[in-house]
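Enquirer: Those protein sequence lines, which keep their order, are chains A and B. In terms of numbering that gives the first Met the number 0, the first sequence has 108 at position 109, counting the first letter as 1, and numbering is strictly consecutive. In terms of numbering that gives the first Met the number 0, the second sequence has 53 at position 54, counting the first letter as 1, and numbering is strictly consecutive.
No wet-lab data here; the hints were simulated from the structure. In this text, a Cβ means the ideal position worked out from N, Cα and C, and glycines have one as well. Warning: the hint list may mix true and false statements.
Calculated pairs, EDC-like style, for lysine to aspartate or glutamate (alpha carbon to alpha carbon, straight line, at most 20 Å) [as the list claims (entries may be wrong)]: (1) A:Lys38 / A:Asp56; (2) A:Lys65 / B:Asp89; (3) A:Lys65 / B:Asp168; (4) B:Lys241 / A:Asp105; (5) B:Lys241 / A:Glu44.
Computed, partial: chain A to chain B, Cβ under 8 Å [unchecked claim]: (6) Pro1; (7) Leu13; (8) Val82; (9) Phe88; (10) Glu125; (11) Gly128; (12) Gln175.
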Amino acid sequence: MPPGQYVTSDFPVLSAGPTPTASLDSWTFSIRQGSDTLKSWTWPEIKALPAEDVTVDIHCVTRWSKLDTQWQGVSVDTLLAQVDSGAEFVLAFCDGGYTTNMPIEDVTDGRAWLAFGYDGEPLEAEHGGPARLLVPHLYFWKSAKWVRGLELLDEDEPGFWETYGYHMYGDPWREQRYAGD
Amino acid sequence: MAGTALRGRLTWLTGTVRDVTQETPTVRTIVLDLTGWPGHEAGQHLDVRLTAEDGYTAERSYSIASAPGEPVAITVQRLDDGEVSPYLTDELRPGDELEVRGPIGGYFVWTGAGAEVGGRPLMLVAGGSGIVPLRAMLRHRERIGSKVPTRLLYSARSLPEVIYRAELDSYGRDGVQVIYTLTRSQPPGWAGYSGRIDARLLAEVSWPAGDDPATFVCGPTPFVEAAANGLVAIGYPATQVKTERFGATGR
């Protein structure tokens with residue numbers, strides 16, 4: 000367990016606004032760079048990609064951790080393999096306007112997924128469905144709910160909580176909760 | 000508030016308990032004397048750290064209950080299986096020390112900017128101990144002399160479980176309306192609301208969406224889901240509804 004965390008069997012919810020409701024008919028997941036959309040998938044196109052079952056521990060900055068959570072999703076490697084980019088950072092963007100930033104190396108090499116299944120069921124809206132990022136080695140605010148795409152960036156740029164004083168990177172093992180930790 | 004990203008590390012401060020107030024049988028307000036506190040805005044929270052004799056530490060976040068400029072206060076609900084809250088509600092005494100750091104968060108805040116004349120009305124929706132950061136906003140409104148029309152819709156299980164009741168009832172002037180809904184038990188002759196918060200109740204008591212109210216919803220997750228979805232259903236733009244949720248495990 001990372002320092003300062005406690006185990007919960009609940010699945011608490013933290014978000015800054017109402018839960019968005021997305022229509023799967025118009026849902027897309029896009030990879031953008033500058034003003035270009037490099038690649039965009041519809042919901043059926045995402046579901047047609049090879050999916051993985053992932054069992055991981057997750058750690059929320061508000062100190063709960065949940066062990067052995069079971070997800071289903073597409074590796075971000077699979078998505079990024081379809082674009083050509085030398086970007087160093089990504090900014091995930093979401094329905095509701097939420098964003099969060101990460102180095103690209105933290106969402107590649109089997110470390111991040113676009114998750115649409117939880118515990119054998121479709122991911123509930125409350126927990127980020129239809130699809131959220133899953134980046135379990137960072138605090139869970141990086142696992143952006145209701146995610147709609149990744150913006151590729153050459154330089155790191157703070158996302159939503161990062162602008163409000165939370166840590167730019169958010170490694171739970173180094174307890175990087177707030178800016179400067 | 001973008002500038003908050005530039006501030007330095009939040010350091011732990013050792014405060015001294017100035018005062019404790021029992022708000023309900025399971026809820027207590029703790030006021031701290033704190034040197035070096037950088038100041039806060041209404042709606043922010045702080046972290047509390049307890050250290051056992053063997054060095055084991057436990058930290059939790061609590062909403063700040065006091066207005067900017069007032070001594071830092073937190074209001075804590077006792078969670079029976081909690082690791083931190085029973086100490087705060089049962090053991091802590093005036094004169095004891097308590098470690099805190101903050102303030103944390105900058106989104107769920109009401110600064111009062113533009114609230115002097117013709118400002119946006121304020122719509123506050125609280126469930127249970129979700130009243131705490133909203134109470135800081137109400138106190139801030141009073142302290143800065145704001146007259147913005149304000150409504151608080153507060154859902155509690157029963158009247159004795161209403162936190163800050165005397166204080167909230169005293170706001171029945173200066174353009175603050177406090178509306179309770181008591182969802183589990185009501186006193187004899189209760190003429191107020193008794194239903195859970197939903198779109199129908201919100202449509203009755205909320206400012207019309209066209210008034211562009213600054214809107215804050217705080218409480219347990221299912222409550223916030225229902226209240227925020229209800230506000231969106233009656234026409235509030237989702238981006239205007241700021242929410243703060245806490246899970247069953249407390250926060």
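Enquirer: Failing hints, ascending?
Expert: Violated hints: 1, 2, 3, 4, 5, 6, 8, 9, 11, 12; rest satisfied.
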